[in-house]
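Please put together the full structure from these sequences, using the hints given.
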Amino acid sequence: MEWTSYLPPLLEGAWVTVQLAVYSTVLGAVFAFAAGIGKLSHNRLISGISVVYIEVFRGTSLLVQLFWLYFALPVAGQIIGIDLRLPPVVAGILALALNIGAYGAEVVRGAIQAVSRSQREAARALNFTPRQTLRWILIPQALPEMMPTFGNLAIQNLKDTALVSLISLGDLAFRAEQIRNFTQDSTTIYTIVLFMYFGMALVLTAMMKLLERSVGRWRTAGT
Amino acid sequence: MSDPIIKFDKVVKRFGNFTVLNELDFEVGTGEKVTIIGPSGSGKSTVLRILMTLENINEGVVYVGGEPLWHERKNGALIPASEAHLRKMREQLGMVFQQFNLFPHMTVRRNLTEAPVRVLGLSKSEARNRADELLEMVGLTDQADKFPNQLSGGQQQRVGIARALAMRPKVMLFDEPTSALDPELVGEVLNVIRRLATEHDLTMLLVTHEMQFARQVSDRVCFFDKGRIVEQGVPDQLFTNPREERTREFLKAVLESEA
Ligand SMILES: Nc1ncnc2c1ncn2[C@@H]1O[C@H](COP(=O)(O)OP(=O)(O)O)[C@@H](O)[C@H]1O
Ligand SMILES: [Mg+2]
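Quick mapping for you: the protein sequence lines, in order, are chains G and V. Per my numbering, the first sequence starts with residue 1, numbered consecutively. Per my numbering, the second sequence starts with residue 1001, numbered consecutively.
The set of hints was computed from the structure by calculation and includes no laboratory data. Everything numeric in this text was worked out from a predicted model, so none of it was measured. Take the hints with a grain of salt, since some may be wrong.
Claimed, not checked - Computed, partial: chain G to chain V, Cβ under 8 Å:
| no. | residue |
| --- | --- |
| 1 | 118 |
| 2 | 119 |
| 3 | 121 |
| 4 | 122 |
| 5 | 125 |
| 6 | 126 |
| 7 | 127 |
| 8 | 131 |
| 9 | 136 |
| 10 | 137 |
| 11 | 140 |
| 12 | 218 |
The C-beta atom is built at its ideal place from N, Cα and C for all residues, glycine as well.
In structure tokens:
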């Protein structure tokens, strides 16, 4: 078989991988902000929930989380009489997002806390509410600090998408495995796959750099 | 003196078991320009920070415009102030910081419009007009679209002054506004403050080590030491003929360090 004949199914799988990566990164960023800001809340319940979420999802492996969402949750749902069966794609995106969100939350929290106290004081002197201070003063200054680590998390997340092939989602890793089983042409297939993942990582890195530059424009102005 | 707009009544402020202000009594009249001088660590910044509600007090009462600042009246008694009360009281005060504390991610104009729009509820165009007037006053019209890190320290501090004024406070607090500046940039900032002092009926409370300037603009100078007012009076008297030995020593030390 010509190696080019592997391309259509692999590209199909790559497209699934891209979608998984994009959706889970975006959703993960939402979780990261919610839990990172939540952990800073003075409301004990909100900060408590955030801490538990962060610790549980950082303290367990993605694989276990994925299997739990996909296999265990429906069973648990059955017991209490709710249908919690998730389609593989939803379970996959959710597991990836919850995982990246837990790591991202610590980044968000750290970056917000690292904004200098004098900025909070200036905001208070101008009578901003705590919420306005967070939204208009602290987060915009914390964002550029978060971006490099977020970039790394996004790359890690892209690579982690390969795990969801284990719940029979047709991503790049899954397709590669299928074709390999069929043709036994491991070297060719895995070389192509390697380059595809690498290509996607390059594009992702470039996109994160652009984003980083756009949220931090004020830092480089005039220099 | 007219009714004091600021009054410290036996105010005690401690950090841990270190007492910064020890039963401080202190008043500033409406429209009065008062300068606080004194050695480092004597509690000058603490007085301003208490007024700006950045620092709570342990005992005593602070009044602003006749209302307790850190307390609320309830059934005739004084209870600790709620955030809502502090917000209301804060409207009357503006502060200029030693390190400027501009918002680095906003342009100069945005630094001036952000709080008026979000806090006072001004429309964008109202806030912009107000900002542009103030920028003209501090001589920075041509810098409006730059970011703070593109400005010199003197320019940044003039933005800091304009930003505080944009909220139309009754009392302006200046905490060593020129101490972080290179010597050649001090004058431009002092000129702005001088014009404020002479052309407006703002109440001004200024901490500074610029003795010459303090003498020109103040109605009254207070010498602070160890959290107490050692001596206060009109500038000419205090600078040329201080009553207290401690004041004399301090002034001598400052003049020598400037020479
Ligand atoms: N947040 C704080 N925690 C502990 N000590 C403080 C704090 N802020 C000020 N101090 C102490 O209080 C004293 C008075 O400080 P400050 O009002 O800043 O003095 P000044 O402005 O006259 O130099 C100093 O000894 C300082 O170290
Ligand atoms: Mg000070």
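For each hint, the structure was consulted:
no.	hint	in the structure
1	118	5 Å, holds
2	119	7 Å, holds
3	121	5 Å, holds
4	122	4 Å, holds
5	125	5 Å, holds
6	126	4 Å, holds
7	127	5 Å, holds
8	131	10 Å, violated
9	136	7 Å, holds
10	137	6 Å, holds
11	140	5 Å, holds
12	218	4 Å, holds
Hint compliance for this structure: hint 8 alone is broken.
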